[in-house]
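So the sequence lines, in the order shown, correspond to chains A and B. Counting from 5, one number per residue, gives the positions in the first sequence under our numbering. Counting from 76, one number per residue, gives the positions in the second sequence under our numbering.
For the record, the hints were derived by calculation from the structure and aren't laboratory data. In this text the structure is predicted, and so the values were computed from the model without any measurement. Careful: at least some of the hints might be erroneous.
[Said to hold, decoys possible] Distance ranges between label pairs, derived from CB positions: (1) LEU173/B <-> PRO146/A: 18 to 28 Å; (2) ARG102/A <-> SER162/B: 38 to 48 Å; (3) ARG185/A <-> ASN94/B: 26 to 36 Å; (4) GLN26/A <-> LEU107/B: 39 to 49 Å; (5) ALA87/B <-> THR41/A: 39 to 49 Å; (6) ALA87/B <-> ARG103/A: 18 to 28 Å.
Ideal Cβ positions, reconstructed from N, Cα and C, are used throughout, including at glycine.
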Amino acid sequence: MSAILPMPAAPPAEEQFDDAAQQREAATFGMWAFLATEVLFFGVLFAGYTVCRVTYPAAFAAASRSTDMLLGTIETAVLLTSSCAVALALRDLQLGGRRVAFWLLLLTAALGVSFLVLHGFEYYAEYQEGLVPSIRYTVVGPRAQHMELFYCLYYFITGFHSLHVTIGVAVLITMAVRTRRGAFSAAYSTPVELTALYWHLVDIVWIFVFPLVYLVGRSG
Amino acid sequence: MNAERRRSDAPAPPPTLANQIGVLAALLVLLLLSAGSALLSLGVFNTVANLGIAALKVLLVMIFFMRLRSGSPLIRIASAVGFAWLSMLIVLAVADLLTRMAPHAPW
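If we strip away everything but chain A, and leave its shape as in the complex, we get (with noise of 0.2 Å):
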């Protein structure tokens, strides 16, 4: 259907680009320079996390047993539907649609604050159960200090991801308001593609987060 009503046109590319299609891929680029940064950024997070584990792998497997495995996964899965939710919006405009994408966008925007909800009770049980390093933390035994170092590495992480799970909502909501007012088509959707990008390397992260924080020593 969308192949017979004329497209409406991409704007024109800015002047230091030879044509539409080069200012793209400069975009496309740019972005993923900046998600390599992103990695980077987490990864030395996780690297820090490789290190005190191999020190101390009895203590990161008690303390894994504390967070709750089955938030845990429900989080992931919701991270996971959102990051298809967001490429399908992209997918929709692209074929030239508008009222779907906005939808999709929306529902990528709520998948991510249902996340951050419950990340958030995550986040009080923990303080309830007195798991907090230096603002709340009752654990006592011989392994409670090195515990603490999981614990900080858990809250770093997952704060940091959840900061960026708010930036992604925000981002988000904006893509979505401005898919609406028909700011996007078919021939144009590049602010769309970089935040789906963003959004999917949101996912990546937690995609690790959930083994390494979720899934330590839980047999036997």
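Got chain A; can you put chain B on it based on the hints?
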């Protein structure tokens, strides 16, 4: 020289709906597999399985959701460099940690 270079005004055609839903289904199955395998007593293979499944999920997201499958070689390289440097960081840090020995007194 680049007359044959692939470039069009529009990006590569978007993936099919079945493709994207299929990838989501695969991701959710892998998630359950990951959570299920963590409950089995596999020793060191618990970690191997968990990280292997996580890597597989990330590849699915990057290839199909982030469309590296139809991406240009430049984009594919850019997508790999962050992970390449990160793996170097982790491998060298762990290698250092595991090979440290108490230094002998030189006298």
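Right, here's what the structure says about each hint:
At roughly 23 Å, the beta-carbon separation of LEU173/B and PRO146/A lies within the given 18 to 28 Å, and the hint holds. Hint check: ARG102/A to SER162/B, Cβ distance near 41 Å, so the stated range 38 to 48 Å holds. Distance hint check: the CB atoms of ARG185/A and ASN94/B are about 29 Å apart, consistent with the given range 26 to 36 Å. At about 43 Å, the CB distance of GLN26/A to LEU107/B agrees with the hint of 39 to 49 Å.
Under the hint 39 to 49 Å, the C-beta atoms of ALA87/B and THR41/A, about 26 Å apart, miss the expected range. Between ALA87/B and ARG103/A, the C-beta spacing of about 24 Å keeps the proposed range 18 to 28 Å intact.
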